[in-house]
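Student: Residues per chain are reported as follows:
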Amino acid sequence: MSSNHKDHAALAGQFNKDEDRVDWHDQTLWWVRQKRDKAAHQVTDWEVLRETASGIKNNTLSRLSEYLLQFEEQAIRNGVIVHWAADAREHNEIVTTLLKKNKVDRIVKSKSMLTEECHLNDHLEQQGIEVIDTDLGERIVQLAGEPPSHIVLPCIHKKKEEIGDLFHEHLGTPEGNADPQFLTRAARLHLREKFLTRKIAITGVNFAIAETGEFVVCTNEGNADMGAHLADVHIACMGIEKIIPERRHLGVFLRLLARSATGQPITTYSSHFRSPRKGQEMHLVLVDNGRSVQLGREAFRNSLKCIRCGACMNTCPVYRKSGGHSYHTAIAGPIGAILAPNLDMKQYADLPFASTLCGSCSNVCPVKIDIHDQLYKWRQVIVQEGNAPAAKKASMQAMNWVLSHPSVYHAAGKAGRWVLKNTPFAVNNRLNPWYKQREMPEPPKESFGEWYKKNKGRSKNE
Amino acid sequence: MNSREKILAAVKNSQPPLMELPPVHVPPMESSLLEKFSSVLASIGGTLFVVRDFAAIGKILEERAGEFKRIVSTCPELSAVAETDIRYNAPQEFADIDLAIIRAHFGVAENAAVWVTEDLLPERALPFICEHLAVVLHRKDLVATMHEAYERIGSADYGFGVFIAGPSKTADIEQSLVLGAHGPGTMMIFLLDSGSY
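Sequence order for the protein chains is A and B.
If you count the first sequence from 1, position 157 lands on 157 in our numbering, and the numbers rise without skipping.
For our numbering, count along the second sequence from 1 and bump the result up by 1000.
Hint data in this document are derived by calculation from the structure and do not stem from the laboratory.
Be a bit skeptical, because a hint or two may be false.
Stated by the list, open to error - Below, computed lysine to aspartate or glutamate pairings styled on EDC-like, alpha-carbon distance capped at 20 angstroms: (1) A/Lys199 with B/Glu1093; (2) A/Lys421 with A/Glu385; (3) B/Lys1006 with A/Glu66; (4) A/Lys368 with A/Asp45; (5) B/Lys1006 with A/Glu72; (6) A/Lys100 with A/Glu385; (7) B/Lys1006 with A/Glu281; (8) B/Lys1012 with A/Glu73; (9) A/Lys278 with B/Glu1118; (10) B/Lys1012 with A/Asp87; (11) A/Lys321 with B/Glu1174; (12) A/Lys278 with B/Glu1093; (13) A/Lys35 with A/Glu19; (14) B/Lys1006 with A/Asp45; (15) A/Lys158 with B/Glu1174; (16) B/Lys1006 with A/Glu146; (17) A/Lys194 with B/Glu1131; (18) B/Lys1012 with A/Glu161; (19) B/Lys1012 with A/Glu66; (20) B/Lys1012 with A/Glu281; (21) A/Lys199 with A/Glu162; (22) A/Lys6 with A/Glu146; (23) B/Lys1012 with A/Glu446.
Between the sequences and the hints, there should be enough to build the whole structure, so can you do that?
Tutor: Okay, here's the thing in structure tokens:
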């Protein structure tokens, strides 16, 4: 995804070339945000619920090693085979080994952001294994050869006509038919055949309960269940932060998740997998991949409380106007911008800067992650560790020199006002990033310093 | 050290000092559970039938007999309208079921979800693979919110359990809501209310 080495600003610039599409993308996501508001306002104890969820997650993180052990013990007792993966590579190898052991080269997979993070599909395809993503949105982006652009709404960036063209090419639907009802029906028939014939199904995990060893998978489409209940082997993959202590805590999280995500009171299916069905094998892969490092970073630890609802993306003015792909990482938007630098600070140094720090993300977060504060903190860490983009580094150094020398500061102010007034073409050009989608301001006649000097003699009664 | 030990050691080393679990606040009960359940169910695309008994369910199904070719049910009371002696070798054989009628333990008013565990099913796949789903529930088995739902589930032992809220759905194509993604395209709830309380 990052193979093009373009940063967020450059990728957003590409997205911004089509102004109508940007407006449409912006409005669609804002509409989802409004649905979230409506659903949240119908729950009288919403803020108590958020506070409770945040507290449960704080407790979880403070006892994570104990909860992981408890979860493992219970899951094994339930007949689940538990695997541990230190990183993405090990996760992919565990899954590949299971498929090879079962002599399976065609599988179905429901949505799992963890497998996106680990680039499991690429890895399996290199091994000659066919992976069919069964979530409709994920299947659409898979056919398009793209990653998801949103964790809950994977193809939110695609117009129905483009989806109609993709289905015409890959599924043989009539050319020019872009009716969502018709296309969904075509996908249902196409994927039903896969569910009925594939022997191994991979799913993600929304919550894993330390107390009981069960794990919960939430979908609206029913694709995780169709895959898991028809397959001989079910492999569930989860990050270690998906643990919650007790079953009753699901009452808190399931009340928050879908309302925050899409404004639904709950997803259509909240499936609790505790043991394999008769004759079935159930595997669970617990993945670290940088999470234990993030847990040790006091300033960024809270990002591990995330329940992947996507509310921070739907509300973010930058995400809505730059599109998910501009973040060049599996998890886009504000939460992605605080998770990604933990994995690779250099590669994702641009992401914490892709924000206005308006704080809307923190306000809608169902587990009260201080997202915008963390974005601000990442900026400081990135600059201190020398990972800031070169242009930003140079301009910050220049600014530092100007601000620490009063005479230079006054001269620079004067020069700036002169330039804006007399040679606006010097700043109103494409080389100046501030000129993009903006007009430069009218220069004031004088600085505040000059005005004050002129006026300080006058008395206040004048 | 293997990965398991490495991860556990790293987590233990990184985790912050203990933060206590907060209490879970259970909001006051809804005034009318049935009213809430019914309006939420309608909003998520489900259909509610309040019926006196199984005979009334049978009558509703007889009237709609033309719509469903293969009907199966886990309720022996419906043997006149449905296949109740369900024999099969593999769950894939359920793919041609038009309507499955199953029972649920209870329903949740705030989101119209019903709780089903595998002991109520011949096979886990049944409520997902059928074209249409119907669930039979007692009116007395309604709870207000998910908090009461988990209080009621308690430490129940199940291999698989699921909250089902309405028909399967997707809005992945331009946010247009389409019912019947991979699971049932409709969901009926038959609420048994003998009126004796």
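Student: So, for every hint listed, does it hold in this structure?
Tutor: Going through the hints against the structure:
Restraint check: the Cα-Cα separation between lysine 199 of chain A and glutamate 1093 of chain B comes to about 15 angstroms, which is no more than 20 angstroms; the hinted pair holds. Between lysine 421 of chain A and glutamate 385 of chain A, the direct Cα distance comes to roughly 38 angstroms. Violation of the 20 angstroms bound is thereby established for this hinted pair. With a CA separation close to 14 angstroms, the supplied pair lysine 1006 of chain B and glutamate 66 of chain A stays within the 20 angstroms bound. A distance of roughly 15 angstroms separates the Cα atoms of lysine 368 of chain A and aspartate 45 of chain A; the hinted pair therefore holds under the 20 angstroms criterion.
Restraint check for lysine 1006 of chain B and glutamate 72 of chain A: satisfied, since their Cα atoms lie roughly 15 angstroms apart, inside the 20 angstroms limit. As the CA atoms of lysine 100 of chain A and glutamate 385 of chain A are separated by approximately 43 angstroms, the hinted pair breaks the 20 angstroms bound. For the hint pairing lysine 1006 of chain B with glutamate 281 of chain A, the CA-to-CA distance comes to about 26 angstroms; that exceeds 20 angstroms, so the pair is violated. For a cut-off of 20 angstroms, the pair hint linking lysine 1012 of chain B to glutamate 73 of chain A stands: about 17 angstroms separates their Cα positions.
As the CA atoms of lysine 278 of chain A and glutamate 1118 of chain B are separated by approximately 11 angstroms, the hinted pair is consistent with the 20 angstroms bound. Distance check on the hinted pair: lysine 1012 of chain B and aspartate 87 of chain A sit about 17 angstroms apart at the alpha-carbon level, within 20 angstroms; holds. As the CA atoms of lysine 321 of chain A and glutamate 1174 of chain B are separated by approximately 17 angstroms, the hinted pair is consistent with the 20 angstroms bound. Taking the CA atoms of lysine 278 of chain A and glutamate 1093 of chain B, the gap is about 17 angstroms. The hint holds against a cut of 20 angstroms.
For the hint linking lysine 35 of chain A to glutamate 19 of chain A, the alpha-carbon distance of about 25 angstroms lies beyond 20 angstroms, and the restraint is violated. Among the hinted pairs, lysine 1006 of chain B with aspartate 45 of chain A is inconsistent with the structure: their alpha-carbon atoms are about 41 angstroms apart, more than 20 angstroms. Proximity of lysine 158 of chain A to glutamate 1174 of chain B is assessed by CA-CA distance (about 7 angstroms); at most 20 angstroms being required, the pair is judged to hold. Straight-line distance between C-alpha atoms of lysine 1006 of chain B and glutamate 146 of chain A comes to about 34 angstroms, which puts the hinted pair past the 20 angstroms bound.
With a C-alpha separation of about 17 angstroms, the suggested pairing of lysine 194 of chain A with glutamate 1131 of chain B holds against the 20 angstroms cut-off. Under the criterion of a C-alpha separation no larger than 20 angstroms, the hint pairing lysine 1012 of chain B with glutamate 161 of chain A is inconsistent with the structure, at around 51 angstroms. The straight-line distance between the Cα atoms of lysine 1012 of chain B and glutamate 66 of chain A is roughly 8 angstroms, inside the 20 angstroms bound, and the hint therefore holds. Restraint check: the Cα-Cα separation between lysine 1012 of chain B and glutamate 281 of chain A comes to about 30 angstroms, which exceeds 20 angstroms; the hinted pair is violated.
The straight-line distance between the Cα atoms of lysine 199 of chain A and glutamate 162 of chain A is roughly 32 angstroms, outside the 20 angstroms bound, and the hint therefore fails. A hinted pair counts as satisfied when its Cα atoms are at most 20 angstroms apart, and lysine 6 of chain A with glutamate 146 of chain A qualifies at roughly 16 angstroms. About 60 angstroms separates the Cα atoms of lysine 1012 of chain B and glutamate 446 of chain A, which puts this hinted pair outside 20 angstroms; it is violated.
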